[in-house]
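2 protein chains.
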Amino acid sequence: MSDRNHLNGSEATSARTERGQQTRERILDSAARLFYVKGVGSTTLDDVRAASSTSKSQLYDHFPDKTTLIHAVIDVQSRSVLAREAGRLKGVRNLSGLRRWRDALVQSNMLHDGSYGCALGAMSSELSDNDERSREALAAAFRTWQQLLVETLTRLRDLGVLTSDFDPRKLGTGLLAALQGGYILAQNGHSPELMADALDMALDRIETFADR
Amino acid sequence: MSDRNHLNGSEATSARTERGQQTRERILDSAARLFYVKGVGSTTLDDVRAASSTSKSQLYDHFPDKTTLIHAVIDVQSRSVLAREAGRLKGVRNLSGLRRWRDALVQSNMLHDGSYGCALGAMSSELSDNDERSREALAAAFRTWQQLLVETLTRLRDLGVLTSDFDPRKLGTGLLAALQGGYILAQNGHSPELMADALDMALDRIETFADR
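Those protein sequence lines, which keep their order, are chains F and Z. Position 140 of the first sequence, counted from 1, bears residue number 165 in our numbering, the numbering being contiguous throughout. Position 52 of the second sequence, counted from 1, bears residue number 77 in our numbering, the numbering being contiguous throughout.
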């Protein structure tokens with residue numbers, strides 16, 4: 026408090042803004058984790074408040090209702106998943122690289138025995154039919170994710186690793202669907218091997234286009 | 026009421042039992058539809074009561090809590106999906122038959138522009154990490170579904186349609202995952218074509234084992 030009194034007006038505002046930003050991030054972080062582990066419908070604003078150690082008024086200041094919070098979490102989770110995927114896929118220049126992308130996904134899935142599924146897929150399954158804005162935001166994320174896969178397959182074709190005899194868009198969709206279905210089966214069966222089998226089928230299909 | 030007075034004891038009991046059974050089915054039917062369209066977490070027992078035109082005490086008589094109702098709905102939906110799949114898959118004796126199975130799924134998905142996804146997949150995504158009994162019941166349904174696909178692929182191999190050069194179990198998992206991922210993408214993008222692309226990738230992979 027005594028420090029505060031020594032700050033001039035703009036420093037005080039900036040300190041308040043920074044504290045507010047930290048609170049906002051703490052709320053988002055807790056909400057993202059609860060939505061992922063418990064599901065969106067089963068998480069109350071009181072759960073979020075308790076997990077983020079915030080007061081009712083702090084929570085309300087940043088997120089006046091649950092829908093606003095959901096949209097912000099979709100934004101955070103989409104950025105996180107897409108940044109991870111972009112990072113892993115950008116360096117893929119051969120079929121071993123694609124297998125390493127698959128291995129990283131299966132390894133992560135094994136860390137919690139298949140539980141929780143894909144943050145984006147699970148929110149989409151729960152929200153798409155009930156909140157159009159959530160559906161659109163998640164659809165945009167999935168389009169970008171599919172596009173990252175299409176770019177990777179196109180790169181492999183341009184490098185001569187794959188022949189020109191396939192439609193990268195359809196194969197990119199198939200690969201993303203195999204991953205999403207793999208998440209569902211692994212979560213349900215507590216069995217990451219099911220995700221591995223799902224991805225292997227897609228990769229085996231892609232390898233039939235290998236230019237030997 | 027006057028009719029009732031003319032019934033003897035066992036007829037009265039039987040009439041009560043039949044009415045009770047009808048009420049139970051009406052509740053289950055409404056709950057299954059609400060869980061499918063709104064999601065399990067977002068459906069309250071009051072929603073179910075209103076949709077099934079039952080009183081609080083009637084609902085409570087049949088399902089003392091939401092968890093009991095959820096388990097009963099999983100049972101109903103599993104039987105329904107598995108009966109449909111068993112019926113469609115049992116006659117598949119060539120690759121065109123497998124394509125017809127795919128067409129039927131895509132056609133159903135087009136009826137509501139991809140919405141709602143798979144009744145079992147959506148419940149699994151929402152419930153698997155929060156209720157172990159739900160997860161186990163859904164895992165059993167998914168194992169049976171995968172087994173139906175494995176039996177179909179094994180039959181195609183035994184008929185000489187496919188070579189012996191593949192693992193029916195892994196390919197069955199891949200096919201089921203492609204379908205589940207297809208449901209997720211079609212629901213999210215309001216685009217049944219994404220489910221079609223997902224299934225086509227899996228069927229194209231299976232056809233690489235065609236005995237030509």
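A couple of the hints might just be wrong.
What the hints assert, rightly or not - Straight-line C-alpha distance at most 20 Å; calculated PhoX-like pairs for lysine-lysine:
id, chain 1, residue 1, chain 2, residue 2
1, F, Lys115, F, Lys81
2, Z, Lys115, Z, Lys81
3, F, Lys63, Z, Lys81
4, F, Lys91, Z, Lys81
5, Z, Lys81, Z, Lys91
6, Z, Lys63, F, Lys63
7, F, Lys91, F, Lys81
Said to hold, decoys possible - Here are the computed distance ranges between Cβ atoms for each label pair:
id, chain 1, residue 1, chain 2, residue 2, range
8, Z, Asp128, F, Asp54, 28 to 38 Å
9, F, Asp100, Z, Gln46, 22 to 32 Å
10, F, Asp183, Z, Asp54, 28 to 38 Å
11, Z, Arg113, F, Ser80, 23 to 33 Å
12, Z, Glu161, F, Gln46, 22 to 32 Å
13, F, Tyr85, Z, Ala108, 29 to 39 Å
14, F, Arg109, Z, Glu157, 51 to 61 Å
15, F, Asp100, Z, Gly45, 41 to 51 Å
16, F, Arg109, Z, Gly45, 45 to 55 Å
17, Z, Pro89, F, Arg118, 54 to 64 Å
18, F, Thr92, Z, Leu70, 49 to 59 Å
Derived by calculation from the structure, the hints in this document are not laboratory data. All values reported here derive from a predicted model rather than from experimental measurement. Where is the CB? At the ideal position from N, CA and C, for every residue including glycine.
TODO: Could you tell me which of the numbered hints above are not met by this structure, giving the numbers in increasing order?
DONE: Violated: hints 1, 2, 3, 4, 8, 9, 10, 11, 12, 13, 14 and 18.
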